[in-house]
Amino acid sequence: MNPSLVLLDPTSERTPVARALALRPPSLQGLAVAVLDISKARGNVFLDRVAELLAAQGVTVNRYRKPTFTRPAPTALAQQIAAENQLVIEGLAD
Amino acid sequence: MTLPDGLIVVAKRECPTCTLVEPLLRQLAQGAEPLTVIVQDDPAFAAGLPGAVFDETLERSFRLGVEFVPTLIRVSGGREVARTHGWHRDDWQQISGLPDLGATLPALRPGCASKTLDPGVAEDLQLRFGNTGLSARTVELGDAEDPIEACFDRGWTDGLPVVPPTPVRVLRMLAGTPRRPDEVIGRVPPDLAPCTVEKVAINAVMAGCKPEYLPLVLAAVEAALVDEFGMHGILCTTMFAGPLVIVNGPMARRVGVNSGVNALGQGHRANASIGRALQLVIRNVGGGRPGEVDRATLGTPGKYTFCFAEAEDSAWEPLHVQRGFARDASTVTLFAGEGVQGVVDQKSRTPESLARTFAACLRAVDHPKLAMAGDAVLVVSPDHGRVFLEAGWSKARLLDELTRLLTGPADALLAGVGGIAEGLPPALAGQQVPKFRPGGLLIVRAGGGAGLFSAIIAGWAASGPVGSIPVTKEITA
Numbered sequence: 001m002n003p004s005l006v007l008l009d010p011t012s013e014r015t016p017v018a019r020a021l022a023l024r025p026p027s028l029q030g031l032a033v034a035v036l037d038i039s040k041a042r043g044n045v046f047l048d049r050v051a052e053l054l055a056a057q058g059v060t061v062n063r064y065r066k067p068t069f070t071r072p073a074p075t076a077l078a079q080q081i082a083a084e085n086q087l088v089i090e091g092l093a094d
Numbered sequence: 001m002t003l004p005d006g007l008i009v010v011a012k013r014e015c016p017t018c019t020l021v022e023p024l025l026r027q028l029a030q031g032a033e034p035l036t037v038i039v040q041d042d043p044a045f046a047a048g049l050p051g052a053v054f055d056e057t058l059e060r061s062f063r064l065g066v067e068f069v070p071t072l073i074r075v076s077g078g079r080e081v082a083r084t085h086g087w088h089r090d091d092w093q094q095i096s097g098l099p100d101l102g103a104t105l106p107a108l109r110p111g112c113a114s115k116t117l118d119p120g121v122a123e124d125l126q127l128r129f130g131n132t133g134l135s136a137r138t139v140e141l142g143d144a145e146d147p148i149e150a151c152f153d154r155g156w157t158d159g160l161p162v163v164p165p166t167p168v169r170v171l172r173m174l175a176g177t178p179r180r181p182d183e184v185i186g187r188v189p190p191d192l193a194p195c196t197v198e199k200v201a202i203n204a205v206m207a208g209c210k211p212e213y214l215p216l217v218l219a220a221v222e223a224a225l226v227d228e229f230g231m232h233g234i235l236c237t238t239m240f241a242g243p244l245v246i247v248n249g250p251m252a253r254r255v256g257v258n259s260g261v262n263a264l265g266q267g268h269r270a271n272a273s274i275g276r277a278l279q280l281v282i283r284n285v286g287g288g289r290p291g292e293v294d295r296a297t298l299g300t301p302g303k304y305t306f307c308f309a310e311a312e313d314s315a316w317e318p319l320h321v322q323r324g325f326a327r328d329a330s331t332v333t334l335f336a337g338e339g340v341q342g343v344v345d346q347k348s349r350t351p352e353s354l355a356r357t358f359a360a361c362l363r364a365v366d367h368p369k370l371a372m373a374g375d376a377v378l379v380v381s382p383d384h385g386r387v388f389l390e391a392g393w394s395k396a397r398l399l400d401e402l403t404r405l406l407t408g409p410a411d412a413l414l415a416g417v418g419g420i421a422e423g424l425p426p427a428l429a430g431q432q433v434p435k436f437r438p439g440g441l442l443i444v445r446a447g448g449g450a451g452l453f454s455a456i457i458a459g460w461a462a463s464g465p466v467g468s469i470p471v472t473k474e475i476t477a
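Here the protein sequences line up with chains E and H, keeping their order.
With this note's numbering as the guide, the letters of the first sequence map in order to residues 1 to 94.
With this note's numbering as the guide, the letters of the second sequence map in order to residues 1 to 477.
Keep in mind the hints are simulated off the structure, nothing from the lab.
You may find that some hints are simply not true.
Unchecked claim - Below, a sample of chain E positions facing chain H; criterion: calculated Cβ distance under 8 Å:
#, residue
1, Val6
2, Leu7
3, Leu8
4, Asp9
5, Ser12
6, Glu13
7, Val17
8, Arg19
9, Arg49
10, Ala51
11, Leu53
12, Gln57
Unchecked claim - Label-pair distances were calculated between CB atoms; the ranges are:
#, chain 1, residue 1, chain 2, residue 2, range
13, E, Pro16, H, Gly256, 52 to 58 Å
14, H, Ser135, E, Glu84, 43 to 49 Å
15, E, Glu84, H, Gly342, 51 to 57 Å
16, H, Phe129, E, Gly30, 45 to 51 Å
17, H, Gln94, E, Pro16, 39 to 45 Å
18, E, Pro16, H, Phe129, 26 to 32 Å
19, E, Pro16, H, Arg254, 39 to 45 Å
20, E, Pro67, H, Phe129, 49 to 55 Å
21, E, Leu23, H, Arg356, 53 to 59 Å
22, E, Arg65, H, Gly342, 22 to 28 Å
Virtual Cβ for every residue (Gly too), placed ideally from N, Cα, C.
When you get a sec, could you build the whole thing from the sequences and use the hints?
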């Protein structure tokens, strides 16, 4: 192991080292959900259905699409998604 | 490590004195006692001798506590009974028991430093083979993680990058104090988490401190934890305050805390990192994070870091002397400070006029119609200070004059007067009120040599026993 990649914890060590997942909202009421298509083949089939189910519950759904699944989302797109939504769903696989 | 009985020689090829004694090793090896030769840098040194060991990891040298090469040690019954270093003919002859050893060599040749003391090596050996005294939890990063980004991701920073606190860096930082890493120096609000010297050192590394700053940081943290300072309230207030560190005494000059040009500004490592280390301790050990327990409406840039030294002058009593410490003592004074307000007066040439300027500007602390709320620090620049010095005014006299000028009828300050709803309660009608509570105005001298400007650092509006009282603490070690 590379010793430069071990750090000493500067905190009171009251929380676990592993980073906690973001808190789940108790409900989707009033929230905007981004549905991000990463441009993987047929990902849209799955995401269309997810969007349809969410919309049926009265949830605001915003659709986005990455130019290619081979690279991270362009910064502008990531910022747009973050600015316009509270949650994001993306489909990772074919 | 059990020590082999007999003689031990520690050497390195790079050392001319070791090369000088190399031919003697064969003679020592033929003696009655076993010989172990520990070679630090070259397996060919003393090659062929049965007791030669290449100490590639330097573990043996480290465990023997060798500081110089060559070192000759005699071990008997598993215990070291004699040691010498360098070439001292008499010592070598006595320890080896060979009265003619090296008879043709000069009587004395100093040795060289052991490789265990090469720059950067000592801490590494300490970590690998020694008892470091470190007990903080280790955080292993993923191979692809950038250490600086990893610190951001874990919420350890104030918004600027921090120096990743590797064990080696923390050990180097701890060399700045003789205090034990596990010593608990207090409980840090708001979580009231116990804080060890080690945790302070970790945060000092992150803040960018040099090891020589650590005693100042420790004193600043200890002062912040004194109950009167009210760190919990300063942290969680919706108002602006953060801990300002004013350094006095010889330590300020020794480690280079700036008191001169741009003393309240950027560009000096000691100022920048000492104040920042204190804030990182509060954030990381205490759990005081903005938006959580820190509820500041606006905050102030001083909450990143705020530390400077007084430009002490023989004619003006420095702050720590005013507060009861010896002039040659080094101290930190913590003040719950807000922002910096400039005082521009380029025309006053008499102390009376300049004092009136100071008083007029000091009235604006918190609100011109509030009194005995926030404390203040008046930072008098050398150019302004000269106006008082040349007229023979001591700091105490200036303070007396300001106290007089800043005491006036409450009637002009009552709530509603002047069409301003803010103001003093009606109960104070008819009374004389001072702007600052007794002891609530501090005066220090700092700044560059040109500029007829001074500065006011307003204090937390909850100053005094109800909120925060400035605390001065001597910097020991």
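Do the hints match the structure? See the list:
At its closest, the beta carbon of E:Val6 sits 5 Å from a beta carbon of chain H; the interface hint therefore holds under the 8 Å criterion. For the restraint placing E:Leu7 at the interface with chain H, the shortest Cβ-Cβ distance is roughly 5 Å, inside the 8 Å limit, so the hint holds. For E:Leu8, the suggested interface contact is upheld, since its CB lies about 4 Å from the closest CB of chain H, less than 8 Å. Against a cut-off of 8 Å between C-beta atoms, the interface hint on E:Asp9 holds, since the closest Cβ of chain H lies about 4 Å away.
About 3 Å separates the beta-carbon of E:Ser12 from the nearest beta-carbon of chain H, less than 8 Å, and the hint is met. Restraint check, E:Glu13 versus chain H: the minimum CB separation of about 5 Å is within 8 Å; hint holds. Nearest Cβ of chain H to the Cβ of E:Val17: about 5 Å, under the 8 Å cut. The hint holds. Checking E:Arg19 against chain H by beta carbon gives a least distance of about 7 Å; that is within 8 Å, so the hint holds.
Interface hint status for E:Arg49: violated, as the beta-carbon distance to the closest one in chain H is roughly 33 Å, over 8 Å. Evaluation of the E:Ala51 hint against chain H yields a violated restraint, the C-beta minimum of about 31 Å exceeding 8 Å. Look at E:Leu53: its Cβ only gets to about 33 Å from chain H, farther than 8 Å, so that hint breaks. The restraint placing E:Gln57 at the interface with chain H is violated, with a minimum CB-CB distance near 31 Å, outside the 8 Å limit.
Between E:Pro16 and H:Gly256 the beta carbon distance is about 40 Å. The supplied range of 52 to 58 Å is therefore violated. At about 46 Å, the CB distance of H:Ser135 to E:Glu84 agrees with the hint of 43 to 49 Å. Taking 51 to 57 Å as the suggested C-beta distance range, the pair E:Glu84 and H:Gly342 does not conform, at roughly 43 Å. Taking the beta carbon of each, H:Phe129 and E:Gly30 are about 60 Å apart, not inside 45 to 51 Å as hinted.
A hinted range of 39 to 45 Å is violated for the C-beta pair H:Gln94 and E:Pro16, which are about 60 Å apart. Evaluation of the 26 to 32 Å hint for E:Pro16 and H:Phe129 yields a pass: the beta carbon distance comes to about 30 Å. At about 41 Å, the beta-carbon gap between E:Pro16 and H:Arg254 stays in the expected band of 39 to 45 Å. Against the hinted window of 49 to 55 Å, the Cβ-Cβ separation of E:Pro67 and H:Phe129 comes to about 53 Å, which satisfies the hint.
The supplied range of 53 to 59 Å is met by E:Leu23 and H:Arg356, whose beta-carbon atoms lie about 57 Å from each other. A beta carbon spacing of about 53 Å between E:Arg65 and H:Gly342 contradicts the range 22 to 28 Å that was offered as a hint.
When the structure is compared with the earlier hints, violations turn up for hints 9, 10, 11, 12, 13, 15, 16, 17 and 22 and for no others.
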